[in-house]
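**Q** As a plain string of letters, each chain reads:
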Amino acid sequence: MFLALKEIRHSKTRFMMITAIFVLISWLVFILAGLGSGLTTLAAATFKTMDADYVVFEQGSKTSMGKSLLPGGLTEELAQMPNVEAASPMGIILASAVKDNGELNGNKVDIAVIGVEPGSFLEPAATEGEVLDPGRMAHVIVDISMKDEGFELGETFTLDGTTEEFTIAGFAENQTYNHVPAVYVPIAKWRELAFAAPGSDKGIADPVNAIMLQGKNIDPESINEQFAGVDTVTRSAAIQGIPGYKEESGTILMMLGFLLVIAAFIVGVFFYVLTMQKSNQFGIMKAIGAKNGFLGKAVLSQVFVLSVASIAVGILLTYGTAAVLPKGMPFLLDIKLVASYSLALLAISMLSSLVSVRTILKIDPLKALGRVE
Amino acid sequence: MTQGLQIISVSKYYNEGPDRVTALDRVSLRVEPGEFVAVVGPSGSGKSTFLSIAGALLRPSEGDVLLNGKNIAKLSDKALSDVRLHEIGFIMQASNLVPYLNVLDQLLVVKRMAGKVRAEDKAFAERLIEDFGLGEKKKRYPEELSGGEKQRVAIARALMNDPNVILADEPTASLDTKRAHEVVSLIAREVKTRRKAAVMVTHDERLLSYCDKVYRMEDGKLSPADQPSFAHA
Numbered sequence: 006m007f008l009a010l011k012e013i014r015h016s017k018t019r020f021m022m023i024t025a026i027f028v029l030i031s032w033l034v035f036i037l038a039g040l041g042s043g044l045t046t047l048a049a050a051t052f053k054t055m056d057a058d059y060v061v062f063e064q065g066s067k068t069s070m071g072k073s074l075l076p077g078g079l080t081e082e083l084a085q086m087p088n089v090e091a092a093s094p095m096g097i098i099l100a101s102a103v104k105d106n107g108e109l110n111g112n113k114v115d116i117a118v119i120g121v122e123p124g125s126f127l128e129p130a131a132t133e134g135e136v137l138d139p140g141r142m143a144h145v146i147v148d149i150s151m152k153d154e155g156f157e158l159g160e161t162f163t164l165d166g167t168t169e170e171f172t173i174a175g176f177a178e179n180q181t182y183n184h185v186p187a188v189y190v191p192i193a194k195w196r197e198l199a200f201a202a203p204g205s206d207k208g209i210a211d212p213v214n215a216i217m218l219q220g221k222n223i224d225p226e227s228i229n230e231q232f233a234g235v236d237t238v239t240r241s242a243a244i245q246g247i248p249g250y251k252e253e254s255g256t257i258l259m260m261l262g263f264l265l266v267i268a269a270f271i272v273g274v275f276f277y278v279l280t281m282q283k284s285n286q287f288g289i290m291k292a293i294g295a296k297n298g299f300l301g302k303a304v305l306s307q308v309f310v311l312s313v314a315s316i317a318v319g320i321l322l323t324y325g326t327a328a329v330l331p332k333g334m335p336f337l338l339d340i341k342l343v344a345s346y347s348l349a350l351l352a353i354s355m356l357s358s359l360v361s362v363r364t365i366l367k368i369d370p371l372k373a374l375g376r377v378e
Numbered sequence: 026m027t028q029g030l031q032i033i034s035v036s037k038y039y040n041e042g043p044d045r046v047t048a049l050d051r052v053s054l055r056v057e058p059g060e061f062v063a064v065v066g067p068s069g070s071g072k073s074t075f076l077s078i079a080g081a082l083l084r085p086s087e088g089d090v091l092l093n094g095k096n097i098a099k100l101s102d103k104a105l106s107d108v109r110l111h112e113i114g115f116i117m118q119a120s121n122l123v124p125y126l127n128v129l130d131q132l133l134v135v136k137r138m139a140g141k142v143r144a145e146d147k148a149f150a151e152r153l154i155e156d157f158g159l160g161e162k163k164k165r166y167p168e169e170l171s172g173g174e175k176q177r178v179a180i181a182r183a184l185m186n187d188p189n190v191i192l193a194d195e196p197t198a199s200l201d202t203k204r205a206h207e208v209v210s211l212i213a214r215e216v217k218t219r220r221k222a223a224v225m226v227t228h229d230e231r232l233l234s235y236c237d238k239v240y241r242m243e244d245g246k247l248s249p250a251d252q253p254s255f256a257h258a
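These protein sequence lines are chains A and B, in that order. Take 6 as the starting number for the first sequence in our numbering and just add one per residue. Take 26 as the starting number for the second sequence in our numbering and just add one per residue.
By construction, these hints were calculated from the structure, which means they are not laboratory data. Beta carbons: idealized from backbone N, C-alpha and C, even for Gly. Among the hints, a few may not be true.
As the list claims (entries may be wrong) - No more than 27 Å apart at the CA atoms, straight line, and that leaves these computed lysine-lysine pairs for DSS-like:
1. A:Lys53 with A:Lys72
2. A:Lys11 with B:Lys136
3. A:Lys17 with B:Lys164
4. A:Lys296 with B:Lys164
5. B:Lys238 with A:Lys11
As the list claims (entries may be wrong) - Sample of chain A residues with no beta-carbon within 10 Å of chain B, all distances over it, derived:
6. Gly159
7. Ala269
8. Gln286
9. Leu330
10. Pro370
Kindly generate the complete structure, drawing on both the sequences and the hints.
**A** Structure representation (structure tokens):
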């Protein structure tokens, strides 16, 4: 640490430059991570916050809600299966809401209408207002983001292209699906909306899109064997099935991966070149008795100090950026994500500097004296 | 226990392709505490090999090197680096200071290498710097020092670990005559007052008058030289 800090203090410009580069990289890593998690949350918040462990789809639906159709009566039978603690149906259609404020084409908002059993574990906890009521089919719980569009508690809106009117009974947090706010309605109401056209229910009684199961030890195989034509997957597999989800998160993960590799090379190469430049110096110190460990620690602690400082500045800049980002931009960076990417960056820079440590091991104090005969 | 540095019939061979080159040929030398010995000779004569072996940088092919009675001829690399750290003070040509450490830290880093810097180490370093007339410059960096000052810092650094043996490798190579005399007389003074066994390798024959004994190295063989009658003194 002694040598490391003394040298940083003495050659400020040199170390400022590498710090600046590393700050920019970590800044970009955090912003991408935040945008990535913001996007995926927007795409799948409903599923991510949902208190279910497994999802039963129709076979062949490729775990996509839109392609899957199951009879609602299956719910009772599934609930009887071993290890299943609870089962509840769900249905989703995409629609748009029109505000009833008299304005022509006033305020249209894309929404996902999600049908659930009132009072089931699928109903989101309302942070404001009331819960769903089977007696009042037109009272709905909506995602809090609709507030930003000007929707208020108790306000009514119409489903575009229909005469259906809904009243906002409550708001819930983190309820988006496929990038649009979710509107929770009782599942009976949802059926009316989803299967308004004759024959669209394919003759299935009480149709639903999927049935969510609670129970940590559920064996999906046995359920698939017991019931013909179903496909049981974990909740995370169901999230992967949301349209566009895989593609979105894959793209961002790839960029993050590249960034981390680039960070490794930049830090590694910088310290390697620096170490090569100083090989004479290291040789002299070896000649007066410095051990490999002493010099290796000097390099590693230098990398450590610079990395930690750069990452810290990167985090500050990221939160600064997040504060000025437009509201519509999905950005979600929780402490856990920040911590894991910080550790990844730190680990990568430390690992890449091991190349320099290896170089130090090979420095011969005799050669550094420049007098080998 | 024998004090000082004792080299007994040391040989060093290098393999150059199929040939075996003899860099040192059964060299023996004894330096007592308080004795300042010079080794002169043309370049390529084996002076540096000799100094590297005496300085625990290189192991001899044959023979023994006794430092205060302890044989260091067959130690491991790690043990050799310990010997360098605790028993030997090296004064190199061109001073070879660490560019980003100030004068005080140049000395303290030697203690850092061995572990912690204690208060008495710091006091010792300050006293050395004072003794060497560098008190004003103890917070200066090498780039702010003159050649003579740098070499004085290097001598102070070599004394920092309170070694038994001091080895100087062409300590005056980059200095003018006046500075060269200053530096070598300083080494001679320290060797006498601190009772160190010292060996200086040089080809600068003007400075031999400061030394108690002079040896001449030629083709790997060491022989006593006549006392320098050409000295300036």
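**Q** Checking each numbered hint in turn, tell me which of them this model violates, lowest number first.
**A** 5, 8 and 10
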